[in-house]
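Enquirer: Residue numbers (the working numbering), protein chains in the order written: chain A, 20 to 574; chain B, -10 to 255.
Careful: at least some of the hints might be erroneous.
[Said to hold, decoys possible] So the derived label-pair ranges between C-beta atoms look like this:
id, chain 1, residue 1, chain 2, residue 2, range
1, B, Tyr41, A, Tyr175, 20 to 30 Å
2, A, Val350, B, Val160, 31 to 41 Å
3, A, Gly97, B, Ala112, 19 to 29 Å
4, B, Ser77, A, Thr93, 50 to 60 Å
[As the list claims (entries may be wrong)] To give an idea of the interface, some chain A residues facing chain B are shown, with a C-beta separation under 7 Å as derived from the structure:
id, residue
5, Arg142
6, Ala145
7, Ala153
8, Val157
9, Ala187
10, Val205
11, Met214
12, Val244
13, Gly259
14, Thr260
15, Phe262
16, Phe522
[As the list claims (entries may be wrong)] Computed, partial: chain B to chain A, Cβ under 8 Å:
id, residue
17, Ser17
18, Phe35
19, Leu96
20, Leu107
21, Ala109
22, His120
23, Asn190
24, Thr200
None of these hints come from the bench; they were simulated from the model. Ideal Cβ placement from N, Cα and C applies to all residues, glycine included.
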Amino acid sequence: MTTATSTDFHDKSGSTLKEWIFTTDHKRVGVLYLVGAIAAFIVAGIMALGIRLEQMSPGESGLINYFVLDFAKTMPTGTAYNVALYFHGAAMILAFLIPALTGFAANYLVPLMIGAPDVAFPRINALSLWLFWAGILVALMTFFVTDKPDIMWTGYPPYSVTTTANTALYVFTVHLIGFSSILGAVNFLVTIIYMRAPGMGWDQMNIFVWTTFAAFMIQIVFVPVLASAVTLLLFDKYMGTGFFDPTRGGDVLLYQNLFWFYSHPAVYVIFLPAVGLLFDIIATQARNHVFNYKACVYGGIIGILAITGEVWIHHLYIAGMPDWLRIGMMVSTLLISVPVGLLLISLWGTMYKGAIHYNVSMWYAVVCLFLILVGGLTGIPLAITSMTVHLSETSFVHAHFHFIMGLMATFAVFSAVYHWFPKITGRSADSAIAKWALWIKVIGTQVTFWPLFIIGVQGMPRRYWDYAMFPQFETYHTIATAGAFLIAIGVILMVGGWVWSAFYGPKTDSNPWKSKSIEWTHAESPPGPGNFPKPVAVDPYWTPYNYIEWDHDKY
Amino acid sequence: MQQHVALDVAGHGHSSADHAGGHHWEVSWAPMAISFGTMFLVPLTFVFALVYKMPLVAILCAGIGTPLVLAGIARWVHEGATQPSAISNVSPVGVGVFIIGEIFIFLGLFASYWMMRLSAGDAWPPPGTPHIGTTLPIIMTFILVGSSITYHKAEELYEHGDKKGFLTWVVISMVLGAAFLGCTIYEYSHLIHQNFTPATNQFSAAFYSLTGFHGSHVIVGLACFLFVIIGALRGGLHKMFVKVAGIYWHFVDVVWFFVASQVYFW
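Sequences are here, hints too, so could you generate the full structure?
Expert: Pasting the structure below:
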């Protein structure tokens, strides 16, 4: 990375390879997280293209084996398809979304936003980063072994135990990235509690800092349960224990419970920081304070935190449970719409009467508002037990969670990259090509996922590679496949634009958006080691969203 | 002696004046060495040994991983003792947060055990379970509680600057911890001799995963004590590290009550 601005503060000798890969600086750790996450995103995205190509027509396309590097076609088409599904799901969630939001964004932004010189434990931070990279490497081994895991990202027994595929790769990927998350939680919870700039109260933090705090609270409690679940899976497969074997007194539902006990809260680990980024981007570009800050934080964020651990059983509606539990979990699942709704009201309210400046990151953020609506509202029928009986395991579910995770959270990451690009590189990534990339992706995503909603309601099952029994869905699948390739074109344009802009983009000053947040007002672009030329302190009336002159007596 | 410890403690504090100048890009190769060392030592060794049955490659992976991890830890401890930290006195909070995570790993294992136990009804213990005596776990409980007390004593002496007394009591704690592990090994070998292996039945699976996971924490605790002793002997011991090792060890002790009460006495 080139140093754009020059002051005595910068140590210009800091750009050697050694100073990058052995770094313990939170900004560089964040950038290296982003590099790994985008790499995982691209490989997992290529898997998605393979999946769409295979589903384009009912029969066998014969192409999917090439996507998982099985050139000799030793695997049946269905197995190769399952390998692609496994890698797509596991990598997108564990190696792209969570690391991009709680790795890249949290690392780069949280210490800068709270006015801290670094995180509390910089070496533990670097350890988190490289454990994540080790996890990616273990996951990538999938493509170079003959017994590729084909167990979805859920790894449900009994199949994951009885299959000849290499379940251990899945388990260790979860272990490495999970341990990385636990250490990240240790770091960021302590950092946010103890390292805020003098004078900064809890009600003066950026919403993104709050959402990161909540996301890591979820991680520290729930990731360990997933770690224990997959460890027992490993014991079952390779040590001959019978935790999940019903014939020996075990229970397959036990795994599903332990798995979703983490993996539903994981949705909020992704959703919360994504929304937090949107808050900071929208408030800055709309030049407005966050609408109803306290309701948003204590109702929305803390509300989600309070309910997140009581909803996981809606993933098991069909798998089997007592009726009274189904009703209870339906109520808690629907109840979580209340804090989510509070967050959305605040998001929309932040634009109300704002002086909105539509640059590319703001456009991404506005698109996200639409995506949250579609993804959120399609979740309601899935929460209602009577409708889930019909919709479960159809491509309606698939389209629903892609809208909220695959599209909304991903677009929020992209929005954040554009918004903080001048901070990270000292250059702007906003260009006509970036806008073209955005709109190509917007069209591509809608073309891909609306057909899946439609055929899902009509009964198209999820995860099928061959749907010869449903020939009427072929047109929809063909349209969806065309959309997927549009998305790919958009992603290539966007990532290419980032790389080009990082070196040749137009230079910007240290606060191009005239933001009031500390990372823009107090630090250079890019910030040097130690972040701030002078220690940061804030007064009692300071807020990161102070775009309108406040009447101090009223607050 | 006393002077020495006091000097070690000083100098690790963080003053806000450090912000203004003298910053440079901090580097450390220790985290990367530990991460990739762990990748070789655990996933790759396991996969080659147990999945692909290639013992030579597995030994090679372990041979690459072990020195990387050990060198990384040694470097880390050295840096931790000699370099100023970003913020002082928060390590106990960090380890507290980590312990919350640990509690939930144990809860995941306990939930699995309870589920199998409760759904088995009267058919418990399942066939194939030998008589497991309660004398040894009682002795082990006393040993572990004793080691917590001796470490507390060591910490008190450290506060007073009595380095020799401190070292003595840490060594005693370590010996007690090792005795606990010895009891576990004795019990395991005894039970395996009676054909009670992890694959025998539901109880054996839960028994070995709970006690084994707890045992692995004892090993980590002993490693922490080892670094405390090495640090004290070399004269670069961080006050916080003594405290963190103590908090962790007390946690290992408390968890044992839950493990023992559920596995041996229910």
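Enquirer: With chain A as the partner, please determine if Leu107 (chain B) meets the hint condition of a C-beta pair closer than 8 Å.
Expert: violated, 11 Å
Enquirer: When the nearest CB of chain B is found for Phe262 (chain A), is that gap smaller than 7 Å?
Expert: holds, 6 Å
Enquirer: Hint Phe35 (chain B) vs chain A: min CB-CB distance below 8 Å?
Expert: holds, 6 Å
Enquirer: Honestly, do Gly97 (chain A) and Ala112 (chain B) meet the 19 to 29 Å range at C-beta?
Expert: Distance hint for Gly97 (chain A), Ala112 (chain B) is violated at roughly 39 Å.
Enquirer: Less than 7 Å between beta-carbons is the criterion; does Ala187 (chain A) satisfy it with respect to chain B?
Expert: Result: holds, 5 Å to nearest chain B Cβ.
Enquirer: Against chain B, run the beta carbon of Val205 (chain A) and see if the smallest gap drops under 7 Å.
Expert: Cβ of Val205 (chain A) sits 5 Å from chain B, so the hint holds.
Enquirer: Report holds or violated for the interface hint on Phe522 (chain A), using the least CB-CB distance to chain B and a cut-off of 7 Å.
Expert: violated, 20 Å
Enquirer: Should the interface hint for Ala145 (chain A) be scored as holding, given a Cβ-Cβ cut-off of 7 Å against chain B?
Expert: Holds. Min distance 4 Å.
Enquirer: Between the beta carbons of Tyr41 (chain B) and Tyr175 (chain A), is the distance compatible with 20 to 30 Å?
Expert: holds, 24 Å
Enquirer: Answer holds if the nearest beta-carbon of chain B is closer than 7 Å to that of Ala153 (chain A); otherwise answer violated.
Expert: Because about 4 Å separates Ala153 (chain A) from the closest Cβ in chain B, which is inside the 7 Å limit, the hint holds.
Enquirer: Taking the closest Cβ pair, is Val244 (chain A) under 7 Å from chain B?
Expert: Nearest chain B Cβ about 4 Å off; hint holds.
Enquirer: Does the hinted range 50 to 60 Å hold for Ser77 (chain B) and Thr93 (chain A) at CB?
Expert: holds, 58 Å
Comparing the model with each numbered hint stated earlier shows that hints 2, 3, 16, 20, 22 and 24 do not hold.
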